[in-house]
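K.L.:
Going down the list, the sequences are from chains A and B. Read in our numbering, the first sequence has 580 at position 107, and its numbers run on one by one without any break. Read in our numbering, the second sequence has 211 at position 20, and its numbers run on one by one without any break.
Just so you know, these hints were derived from the structure itself, not from any lab. Glycine is no exception: its CB is placed at the ideal position from the N, C-alpha and C atoms. Mixed in with the good hints, there may be bad ones.
Claimed, not checked - Calculated lysine to aspartate or glutamate pairs in the EDC-like style (CA-CA distance at most 20 Å, straight line):
#1 A:Lys514 - B:Glu193
#2 B:Lys297 - A:Glu531
#3 A:Lys514 - B:Asp275
#4 A:Lys525 - A:Asp503
#5 A:Lys517 - B:Glu193
#6 A:Lys513 - B:Glu196
#7 A:Lys509 - B:Glu196
#8 A:Lys509 - B:Glu193
To be verified - Where chain A lies over chain B, by a calculated footprint (3+ residues, C-beta under 8 Å):
#9 235 to 241
#10 292 to 304
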Amino acid sequence: DTAVSQTPKYLVTQMGNDKSIKCEQNLGHDTMYWYKQDSKKFLKIMFSYNNKELIINETVPNRFSPKSPDKAHLNLHINSLELGDSAVYFCASSQDESPLHFGNGTRLTVT
Amino acid sequence: GENVEQHPSTLSVQEGDSAVIKCTYSDSASNYFPWYKQELGKGPQLIIDIRSNVGEKKDQRIAVTLNKTAKHFSLHITETQPEDSAVYFCAASSSSNSGYALNFGKGTSLLVT
Numbered sequence: 474d475t476a477v478s479q480t481p482k483y484l485v486t487q488m489g490n491d492k493s494i495k496c497e498q499n500l501g502h503d504t505m506y507w508y509k510q511d512s513k514k515f516l517k518i519m520f521s522y523n524n525k526e527l528i529i530n531e532t533v534p535n536r537f538s539p540k541s542p543d544k545a546h547l548n549l550h551i552n553s554l555e556l557g558d559s560a561v562y563f564c565a566s567s568q569d570e571s572p573l574h575f576g577n578g579t580r581l582t583v584t
Numbered sequence: 192g193e194n195v196e197q198h199p200s201t202l203s204v205q206e207g208d209s210a211v212i213k214c215t216y217s218d219s220a221s222n223y224f225p226w227y228k229q230e231l232g233k234g235p236q237l238i239i240d241i242r243s244n245v246g247e248k249k250d251q252r253i254a255v256t257l258n259k260t261a262k263h264f265s266l267h268i269t270e271t272q273p274e275d276s277a278v279y280f281c282a283a284s285s286s287s288n289s290g291y292a293l294n295f296g297k298g299t300s301l302l303v304t
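Given the sequences, and given the hints that come with them, work out the whole structure.
P.N.:
Structural data, given as C-alpha cells:
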C-alpha cells in the first residue's frame with residue numbers, strides 16, 4: 474500500500490550515460506514533484522507538475538527532462554550524466570493544501 | 192524567492208531532555224510551515240505543520256510555534272527518546288498557482304543518547 478513509490482532505489486552508472494527514474498503515487502493527488510538532496514542533505518525542488526502540466530521548473534540543466542504520462546506518474550529522465558548529478562532524488566505528491574508525501578528516494582551515483 | 196534558515200545544524204541531547212530547532216523565513220507571503228523527519232535511507236515524513244493563522248500547535252511530545260511578525264518558527268520535542276534521532280527539516284511555502292512547492296531549511300541532525 475505504498476503511497477509514493479520510486480524505482481530504482483539505487484542507480485550506479487557512468488558519466489555520459491542516460492538514465493530514468495520512475496515515480497508513481499496512488500494517493501489520487503493532482504500535483505507531483507521532484508526534489509534533489511545533495512551530500513549535505515540539502516533538499517531542493519527541481520520540478521512540479523499539476524495534472525500532467527509543468528508548473529515549476531527551477532534552475533535545472535536541460536539534461537533533466539520530467540515526463541508525466543498521467544497524473545499518477547512523474548518520471549525523470551537524465552541525459553549525459555555528470556559526476557555532479559550524484560545525489561538522492563525524491564519524488565513527492567500533494568493535493569491542494571495537503572502536505573507533501575515523499576517517496577523513499579533514488580540514490581544516483583555517477584562514476 | 193523564499194529563503195529558509197535553520198539552526199542548529201547538529202543537536203545532541205540526553206534522553207528525556209527537550210530539543211528545540213529554530214527556523215526563519217524571508218517571504219512574508221509564506222503561510223504554511225511543515226516540519227519533516229528523515230530517517231536514514233528513507234524519504235522525509237511530515238511530523239507536524241502549522242498555518243499562518245495559528246500561533247502554536249501541539250501533538251503529544253511535539254509542538255511548533257510561529258511568530259509571523261518576526262518570521263520565525265520553532266520545533267519543540269519534549270521527553271526525547273532514542274528513536275527521535277534523525278534529520279529534521281523545516282520548510283515554508285505560500286499557496287499560489289504553482290501549488291505548494293516547499294522551500295526547505297538545511298536540516299538539523301538530532302542525536303538522542
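K.L.:
List, from low to high, the hint numbers that the structure doesn't satisfy.
P.N.:
Result: no hint breaks.
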